[in-house]
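Engineer: So the protein lines, in turn, are chains H and V.
Per my numbering, residue 272 is the first one in the first sequence, and the count goes up by one each step.
Per my numbering, residue 272 is the first one in the second sequence, and the count goes up by one each step.
A few of these clues could be false.
A pair counts as met if it fits within one copy or between any two copies, since identical chains are not told apart.
Heads up, simulated SDA-like pairs for lysine to any residue below, C-alpha to C-alpha not over 25 Å straight-line [what the hints assert, rightly or not]: (1) Lys504 with Glu620; (2) Lys346 with Thr300; (3) Lys504 with Glu292; (4) Lys619 with Val629.
These are computed hints drawn from the structure, not numbers from a lab.
2 protein chains.
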Amino acid sequence: MDSLARKGNECMSDMTKVLNEKLQFVTETLETAEKYEHALHVLNFDMETLCPAEGMEEEGETIAFLSTQAYKLLKTDEFTEAAEYLYEHRFGSGTEDAPGDDALGELDRVLAENLHREYAKIKNITPEMNHEFTLTFNKAYIDWLNAKTASDYGIFAPSLAKVREINFKDVSLRTEKKASVYDSLLDDYERGITADDLDEAFGECKERLIPFLEKIRNSGKVIRTDFLHRTVKDEQQRAMTQYLLETIGYDFRRGAFATTEHPFTDDLAKNDVRITTHYYPEMFCSNLYSTIHEGGHAIFGQLQPYEHHGKHIANEMTLGMHESVSRFYENRIGRSEAFTGLIFDRTKEIFPGILDDVSPREFYEGVNAVRPSLIRTEADEFTYTFHIIIRYEIEKMIVNGNAPIEDLPRIWNEKYRDYLGVMPANDAEGILQDVHWSGGFGYFPTYALGNMYNAMYYNRMKNELDVERCVSGGDFASINGWMKENVFAKANLLEPKEWIRDITGRSFTPKDFLDYLEEKYGALYGIE
Amino acid sequence: MDSLARKGNECMSDMTKVLNEKLQFVTETLETAEKYEHALHVLNFDMETLCPAEGMEEEGETIAFLSTQAYKLLKTDEFTEAAEYLYEHRFGSGTEDAPGDDALGELDRVLAENLHREYAKIKNITPEMNHEFTLTFNKAYIDWLNAKTASDYGIFAPSLAKVREINFKDVSLRTEKKASVYDSLLDDYERGITADDLDEAFGECKERLIPFLEKIRNSGKVIRTDFLHRTVKDEQQRAMTQYLLETIGYDFRRGAFATTEHPFTDDLAKNDVRITTHYYPEMFCSNLYSTIHEGGHAIFGQLQPYEHHGKHIANEMTLGMHESVSRFYENRIGRSEAFTGLIFDRTKEIFPGILDDVSPREFYEGVNAVRPSLIRTEADEFTYTFHIIIRYEIEKMIVNGNAPIEDLPRIWNEKYRDYLGVMPANDAEGILQDVHWSGGFGYFPTYALGNMYNAMYYNRMKNELDVERCVSGGDFASINGWMKENVFAKANLLEPKEWIRDITGRSFTPKDFLDYLEEKYGALYGIE
């Protein structure tokens with residue numbers, strides 16, 4: 272071995288030593304931060320579920336205190352420098368195309384890239400700006416709440432303009448630029464997806480779904496839904512929640528459920544993924560499908576690779592990826608005739624008297640009835656996409672400056688008329704119905720993308736698994752096993768487009784989703 | 272003003288300045304520690320109620336992490352020195368009998384005394400010893416659990432000896448001595464109460480209650496209890512819990528309830544005092560009276576003076592004082608005929624069919640039936656005190672070295688035979704029934720003291736308030752108002768003996784309690 276090679280080895284060895292030290296420091300700091308995060312999740316879950324009204328202020332203060340402790344840990348120069356060092360040396364003495372022997376392992380590399388991406392977003396944001404952003408969003412939330420209560424968009428409009436301004440300021444300070452401000456915002460929720468992708472996908476949706484909705488309207492098919500509004504007691508809905516979660520394979524040794532007005536899933540810790548649901552006496556289906564939806568999110572959380580927790584890259588999948596799973600369980604499985612058939616008898620038992628005059632087929636049809644309506648959260652599977660398209664089109668106009676803030680209610684109402692044939696009677700059931708814009712723009716599309724992703728992987732799944740037979744036989748071990756192996760395994764490692772190509776071998780497209788809707792609803796409404 | 276006086280003033284002013292600085296530092300540090308404490312209470316409550324089985328290990332780790340953070344804050348030299356400075360200068364330039372103008376205010380003085388008292392107990396305990404103590408108690412707990420499961424005292428005996436040894440070591444290292452080791456241990460749970468006090472009080476109890484129990488046995492009175500074991504569903508017991516807590520004036524804006532195997536009350540924060548209860552299908556009374564018992568603890572927590580929280584001396588009352596309040600609500604109120612009459616009709620509604628063939632009088636008699644039994648937690652109000660006396664006599668013998676560890680089961684069984692006329696068939700229902708001794712000695716007497724305290728203040732209360740009329744009319748505002756003003760107001764400030772004298776103007780005595788038992792049970796069993 273000549274002296275040059277020895278020197279080279281020595282240098283590598285030095286770098287490896289430093290890299291390992293930095294990695295250890297970053298990992299240990301993240302471990303400590305995750306202890307605080309775990310506590311924060313428990314406190315937040317408690318605040319949403321059991322905390323009494325007058326206890327909330329103090330619980331909020333304790334949450335703020337612990338958040339600050341966690342924040343401080345990750346905002347030191349030492350941590351930032353170590354994390355940036357990892358990112359710069361993630362391929363060791365090699366390059367992205369030819370990583371060196373001393374490169375970080377895959378999971379450590381993903382961690383370094385995640386930390387770098389987050390850092391690039393915030394490195395130029397001063398604490399003062401961060402404070403200004405927080406105040407703006409908090410005020411916008413309060414204004415939205417007041418505006419919705421009064422059904423008066425005028426109360427919210429100035430805050431909405433200010434949120435837009437803050438979003439612009441935030442994006443302008445980032446070191447990594449996208450093609451447009453809107454793309455930057457979108458990227459926060461759905462990495463790698465652009466407005467061009469959405470224009471194309473939603474364009475196809477409109478092209479096929481608007482005329483198809485007309486056919487549904489003209490089909491003359493009448494679907495019974497009267498029984499869906501019969502009164503079901505809370506404790507019966509609680510028993511139903513338990514039954515449904517058990518049925519779809521949610522693991523109660525590693526989870527629990529509680530009730531909240533707005534259901535959610537919370538990954539508190541590796542072995543503690545909880546959901547919430549709600550009980551509306553006259554809408555038992557709201558409990559039923561929100562349970563399956565959140566249960567889907569939770570199964571995703573419970574069946575992530577264990578080692579991702581150890582490497583601090585758990586729960587790194589995008590919102591759209593998460594929604595693809597929850598909607599897979601809610602719609603593809605939960606609203607299939609195989610599933611409504613599976614649960615029919617037990618549902619009759621748990622809800623005595625409610626389904627006595629209802630056939631299994633009527634139950635299936637009832638939970639799938641298409642009803643163009645004004646409210647997104649109550650929409651059926653078919654019309655749901657329109658609600659998202661409308662929000663996408665309007666938020667893109669807002670960000671791009673193509674719609675004056677004062678004109679939004681009119682624009683909103685016209686789109687509801689054009690796409691769904693319904694007209695809001697007031698701002699509360701129109702432009703003000705969702706909270707999201709008080710926190711910025713770019714979130715809504717993730718809801719629709721989820722349906723498109725799962726339609727793509729469902730088409731591979733059904734080639735490898737007799738899905739219908741699994742569902743009607745209650746064999747969720749097979750379904751969840753397939754999801755774990757194919758859908759969940761790399762969700763923390765890849766961006767959505769890479770991930771969907773990895774699962775299906777195909778590029779992202781809305782086609783599978785549109786085919787599915789036309790086939791299912793064509794059969795249901797006797798079209799063609 | 273001459274120069275000496277000026278100098279004197281300057282000195283005072285300097286001291287006042289330092290005192291204020293130290294007070295501010297101590298107060299701010301305690302505020303931070305209380306944020307951690309609040310989070311720890313939420314996490315502990317969550318662990319006991321909702322946390323799934325496999326999530327407990329991680330939640331336990333997070334609890335340990337946050338505990339360490341809080342512990343570190345209060346174990347710095349700076350904090351200890353500041354706290355000791357406050358204690359030494361609590362009377363300013365004056366003395367206890369004649370405090371200076373620059374003395375600490377009453378609440379700050381109590382804080383300084385509390386911190387000093389705790390410090391005096393632990394100042395000579397090294398971290399290694401503390402670790403040894405913790406390991407010993409943990410092992411004793413596990414051994415007790417295994418021993419009880421196997422009903423084999425031999426498994427627990429070596430640990431019990433070790434716990435005694437640790438208690439001795441702990442006490443020997445304290446800077447402030449009591450008359451005996453047992454008095455020191457007792458003082459940890461019930462400040463200022465000594466074995467002499469208990470010997471006298473329990474001596475009177477035995478003298479009057481043993482012959483009275485004989486009269487009850489011979490009275491020939493038969494009390495119906497069959498209906499107490501009829502099956503009541505969980506959701507009905509849940510509705511009962513809600514009704515009872517509302518009835519006794521528990522404030523749901525500042526509290527909530529959940530279920531656990533062993534009910535408890537948790538003061539999570541100033542405006543968040545929660546209870547837990549349990550539902551046994553065949554013993555609805557267990558839910559009923561554990562709810563009122565914990566509800567009593569919680570009302571005490573909710574009605575403490577607000578300023579005690581601000582001064583970090585909330586929840587400083589002793590266990591006996593707390594038990595006096597919970598047992599006041601459970602027994603003095605909850606088992607009175609006024610109360611069983613108040614809730615009778617509503618109970619019939621909430622538990623359909625359960626009380627149809629039961630009269631209000633039979634309901635009252637049923638919940639008060641005297642049945643000498645082996646198990647403390649299932650004991651009636653009359654025989655309960657015997658269970659405590661037996662434990663007191665035995666733990667005092669253990670600590671004083673008057674009973675070999677291996678003889679304890681025999682001693683236990685003989686006392687049960689002598690006092691209650693029953694004999695345990697095995698160790699599990701005898702010497703092993705309670706967990707407490709795995710954590711040390713001195714706790715049990717607080718349970719009995721509570722009954723004696725509340726009997727004393729009840730006798731003042733009934734002179735100032737028509738208690739029976741309040742209860743039968745559901746006027747708990749008056750009862751709770753009286754308790755707040757007279758019983759709760761100074762509970763954080765005074766030791767039990769001072770406190771009971773402050774409320775009643777009399778020295779501590781078991782007489783009121785014994786008079787009450789003889790009067791109530793005399794009437795119930797037709798004695799004399």
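Engineer: When the hints from earlier in the document are held up against this structure, which numbers fail?
Structural biologist: 3
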